[in-house]
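> The lines below spell out each chain.
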Amino acid sequence: MGDKNEIFSERLVKAVIWDIALQTFLATLLVFIIQIDVIHPLSWITSTLEDIISWKMLLNVILLGLVSFFQAYIYGKYYTSPVPKYFTRFSMFLNIYTTQNLVFTLLYALNGYFTLILYSSLAKSNFNVLKKMCEDSDGQCLNEQSLFLQLGGMWIGLFYFLSAHIFNKTVLTFPHIYQDKFQQMKLVITNVVATGFQRSMKPVGYFCVFYYFWGNKPRSVVSDVYSIYLEDPPLDNIINMLRSGIWIGLWFYASLFFISVNAMRAVFNIVLTEPMVFSIESDKNLTLCSALAQKSQFTGFLGAQDFRILAMTDQSRRLQIFTLSQPGGHPRNWNGLLENSLIIIKEFSNQLEAINSDSNVNGIKDVSKRNLLNESPKSSPIGYSGSLRNMASYPQALDIKNIQENREENTFVVGIKKEFNNFVQRLCQKPGINYFFGELTDTKLKFILLQAQPVMWTCEGLAHIVAYSLKEDKYGVVQNDLPIILSALINLKQNLEKLSKPGLIPRKQILNDSFAIRSKTAILSVVKRSIYKIVITFSKYIHEIPLDPDVQLAIQPFLVCKEP
Amino acid sequence: MSIFQGFPDLPGPNETAFCKINEVYCCGNVRHGNISAFTNTTNHHPKINVTRDLHHHRLSDENISMYINVEDKFLKKISSVWYNQGFLEALSIAADPSINTESKLLAVAATYALKVANAFSTFRYFLQPHLKDIGPKIVSKYSRTRSWGASSVKCMAWHPHATKIAIATADDGVRIYSSDVSFVSTLKCKSQSHVSSLSWRPYSASELAVGCEQGVIVWTVDPNSMFTKPSSSNAVILKRSGHSPVTDVSWSPNGDVLISCCGADTSMLVWDVAMETAVPLRRVAGGGIVFARWSLSSNKIFAATSSIIFRVWDTKSWTPERWCARGCRVVTACWGPNDVVLFAAKGEPVVYALRNIGLLNGAKDSKAQPVLDVTKVELVSGYTIGGPILDMCWDPSGKYLALLFEESHIIAVFCTTQMMMQLNVSPCCYISGIDNEVPSTIAFQQNFTEGACLTIAWSSGRVQHFPIVYTDLY
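From first to last, the protein sequence lines are chains S and W.
Under the UniProt record's numbering, think of the first position of the first sequence as 1, with each following residue one higher.
Under the UniProt record's numbering, think of the first position of the second sequence as 1, with each following residue one higher.
Don't take every hint at face value.
[Unchecked claim] Residues from chain S that face chain W, not an exhaustive set, calculated with beta carbons under 10 Å: (1) I177; (2) I523; (3) K562.
[Said to hold, decoys possible] Below 27 Å or equal to it, Euclidean Cα-Cα: the simulated BS3-like pairs (lysine-lysine) are: (4) W:K367 / S:K562; (5) W:K376 / W:K141; (6) S:K474 / W:K316; (7) W:K316 / S:K181; (8) S:K430 / S:K417; (9) W:K316 / S:K471; (10) W:K399 / W:K367; (11) S:K181 / W:K141.
Honestly, the hints are just simulated from the structure, not real lab data.
The model shown is predicted, which means the values in this text are computed figures rather than measured ones.
Using N, Cα and C, we set each Cβ at its ideal position, and we do this for glycine too.
Just chain W, with the same shape it has in the complex:
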């Protein structure tokens, strides 16, 4: 029997789910309904709607044709291409006979130099085939956000101690919404492009790490400042050659070190941000490190590679334990209380749990336990749910687990309880969008004391807070 049988029915055609309060699934009219009619726990939460016209246009391949071509001097053209796009692009410009009409000698030299460079890069790609994709392609391939390239919200992160959320939008700006100020700060600088991940520093009110194409940008946003657009002098760029594009950043729960991962780099970097030094962690096999997740106690790190291999690092000795997923790479993972980690492989509708890794029984052949089977089913209302998992979030108390599916547009929330080393998963509720909305990405609020609050970014740009309130009195 599918686990989806136990869920309450989806709200009616003109209704949408607002919250769940003490086991009561609260739905209301799409137009007139209001969440404050049910609960006031999210009254002060920032109201967020990321619409397209908020975005500033950035120069991309699509809109470059809007600009009129100006004939530059050849040298100037080459130097500007070199400055903007790099040496190899400049070489190819110089070698192109249609552009370079002035200096034949340079064209011939450039052609040969280009041939040599190409031979080198072919050899390099032969050795490391995972490097072939270029920046945004890598990010979009490994991103847990649905259609990352086109989505209006690229990723989001709740502050661990305050009701403050950072949202990366399609124009590569990062907007910070806070419950106690009415304005929105927008963090933007020239090198911040293709934002893949965000992470707030624990035990700090101001520091936000942004993983992007070039590397990691650590912003310091003074919470008392009234500037809506902090200058780039508040940002520190951490980069290293070969470590681009960054596909994931995560602070340790103690806030002392930052880990950055790059899908094209086989080592993950552990940064001491203030000193701007990094220690690479690398082991043979597995390809690029796609993402890393710290356990809540900061004792372990789950690191997924672009192949079936994933590792669980011990942060005391900094040694890994190697694991293999069955079939495909691990697409998402999350830690819960008592060092339990849940993960799902790409294209597979199963959630696995891994606990007290290797230590408890000392057995070498310990296996991850499947705890949840979410094979695709069709509901009575005609919608489908389940299938391969795209993203997964566990709330900080370890009571609720939200799943985002690749092929279904409904979010499923499960209740999880840990009893005597056994993880029980039971149905909780569905969350669906209004009209044809598709969920892009989800995140649990970190400091919600009344239960759990799931924040969903929909494809329309609407950001919904879905509180699951639970009082002990009930």
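Extracted from the complex, chain S is given alone in its bound form:
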């Protein structure tokens, strides 16, 4: 267990350090630009330097450090735990109101507030105090612009949290090619700065509207508490607000906040997704095999990614896989890798199959409901439970055995359980209840597809290792297992294709999330490419490989290059 999170936390710390460095650089740049004075360049530089080594800057760096650590904590929370499985509207709704989210909301609002105040103090504007000396009379008056800005800061922080974490699932996306960190930062910074100013427009607009309607309430509260009164024209008036120009200030600071937060996010992404080299055999370090075994965990991702890179580019480690263990002569490295990668592929395949069979059962039910006179379709769900559904071949003895086994298990307890499940399911079918408590198949599918990345890498990795084995594998370690690999890949391909077959899926199940749709095409394309890679490489010898008749049939279009 220690190993599992060690890599992740190590990277988080690294990311925080990178982030602080980057944020300090950005803040320095800001100070430098704000104090621009072309006529007196010397005083410009000296005043900038003074500011940079002042306590404000130090405080800023400390705050940014705190924020980074806090962000790291959140990332840790989101990425180390497997994706939660909330598939009903009700549970998704409940999931929003966890204490964790409430605390985060509060923290993010504070984060926005502090960041805004710090940046405004760096910019030498006087918005961090609510009071000011009255101009017309003695005593202290309310500085409404500060109030506007500080409330705005909180709102921006809140808005960011809501849009980035609550309404959108945070998924760690691994880039398809990994450039050197510094290059990536360079690319990201220009992008983040450009989009920061755009992205902040919307929340600032919302806030201005909010302040127009309800701005008088916080104002009166603050004036009451400090017992100060307003001297300037109130800001919840469109003309006054426009004239004061404070909205430009808010927009500017909000943009800075977005730039800082997005830069932080980008830095975390860059540092966390760096490919890691695992050793094949090792007593001390984590091996590739055990990394792969941690499926959807972060280390599992890194393992799958490294498996692909190894298979494609790293000849020396490939050779290590193809060797036999010294006493015994077993291909231990290969067996371990194969076992773990097959588990990853099969598990994903099974999840898809579960979804497919769900929809099939529904479909059959619907049909039988609609025309009771007709016989229900012959194909029983058991027919689909085999690894392959082949229309052409006769039912095999294995399937018949399965049916018999199922019949034997049909005891009383099982019957009761079934009845209860049926009852629950029927209850869930009721319109109102179904809306809240019915399982959302598309959401389920979406969650499955979000985890498709390691499966893709594993498929590609397997295909490449197998393809290289033709030349590099002296002992024929890999070729023994060719039938299992091919049938696992074919099975996955067929399950994926069933997802998109028209007529099989009820309409509501059609995905409308672009990321999930793309993931689906991506994994289908990867699986097909992997099968092509194996089949084309072994095309001369494919008839010598003892394949199942179903698999043999399924690879025919790949052999003649006709599989789209």
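Once you have looked at the hints, place chain W on chain S.
This is chain W only, laid out in the frame that chain S set:
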């Protein structure tokens, strides 16, 4: 002594070369000769002839005058111009007093807006002068196809695993000819204009990337489908602002990523096509990236810029090695076995080879070796051959190298052998057209097992397959 001395003579006046079989150069009569008399290796190859009447006319500047001018309402006119040609064109229409007679105020406003926009673009061109050319001009400037704008075949690409060829024609359609189906599919959609390059996805039967003005269009053509005109729903458009026109697309040999280059963009994009995301690869200096070539092992990428600089990227760490060509930009390059890359600079009759870049000896001052000098000479028959190189193709096995010249209309094919880190180039044969045909572009078939098969698109629209059959028995 010129290398052209060692070539067999050109076929006689009424004859043309059909193939080369085991060192025998097979020529036949232009009218009655038939390639199947010599070899049956290309019997099932698609017979292709891209004639002008096959083309659908597209709206271009030349034939726009054929249409009768209809007087539209002013607002409608502006909005349609905006929709079709962009905001700046709409502004210039609004500012034009001869068209805009209705609203003087708008005309004045538009004039000033146009002035500001012009000032911006002047400043931009001052900073990045390579952006000045507009789309088709850039493509035609960097294209390896002879007279790209007027040629009936703009570019072509063989499928890596099947006998299937995609040909981009002058009407911007892409036609797919296959050995096992008799019909031809034509891929066409509205945004597919000024096609510059084609690339089939390896380890896939259906995906074809088309580089065009707007960006990259990735078509998925089901090989089992009987539709001759797949709808544009089978196409995915990958585009990014500033990355237009695309001058080259190439899939990685593993088929996992796609690289697109644009002569006006200093970064080349590495696409994950399914997720529609791109990672730009950029380094300072060099101007726009004109084309990129993957090495056969997919370990390296050769990227040529519009200046003398070219880079060799390592695909493991994604870091480049910078090189400078002597004199002019690199016009063409091709990879062979053992990570050897051949390239030629514009206007220079020399082919250079670059191998095991930097790794072998670790020397910083390693140089590219000239391996072939093709200075222009006059043959006995009166034709000239050689001179500056326009395009170059190396067959997948690395045994034959075909050269297309800028000033000569004869294609020269060379035999290449690699012995102990040394590349030997020896003469093989010439290929010339019938009558006044000029070769437009060439490509080697990727899955020809009997040797090598060079496909040539001639200016007449005829596409010739020239097999070089080589049996071990011989």
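> When you check the alpha-carbon spacing of S:K474 and W:K316, does it fall within 27 Å?
At roughly 26 Å apart (the allowed maximum being 27 Å), W:K316 and S:K474 satisfy the hint.
> With the threshold set at 27 Å, check whether the alpha-carbon distance from S:K430 to S:K417 stays at or below it.
Given pair S:K430, S:K417 holds - Cα atoms ~20 Å apart, limit 27 Å.
> Just to be careful, I want the Cα atoms of W:K316 and S:K181 compared with a cutoff of 27 Å; is the pair within it?
The hint holds at about 14 Å.
> Are S:I177 and chain W close enough, Cβ to Cβ, to be under 10 Å, as the hint says?
holds, 5 Å
> Is the hinted pair S:K181 and W:K141 satisfied, with a Cα-Cα distance of at most 27 Å?
Violated - the C-alpha atoms of W:K141 and S:K181 are around 35 Å apart, more than 27 Å.
> For the pair we were handed, W:K316 and S:K471, check the Cα-Cα distance against 27 Å.
holds, 21 Å
> Hint check: W:K376 vs W:K141, CA-CA at most 27 Å. Holds or violated?
holds, 23 Å
> Does S:K562 pass the interface check with chain W, least Cβ-Cβ distance below 10 Å?
With a closest approach of 5 Å, the S:K562 hint holds.
> Holds or violated: are the alpha carbons of W:K367 and S:K562 at most 27 Å from each other?
Given that 27 Å is the threshold and the Cα spacing comes to 45 Å, the pair is violated.
> Is the interface hint for S:I523 satisfied, with its Cβ closer than 10 Å to some Cβ of chain W?
holds, 8 Å
> What's the verdict on W:K399 and W:K367, does the C-alpha distance respect the 27 Å limit or exceed it?
holds, 24 Å
Consistency with the previously given hints fails for numbers 4 and 11, ordered from lowest to highest.
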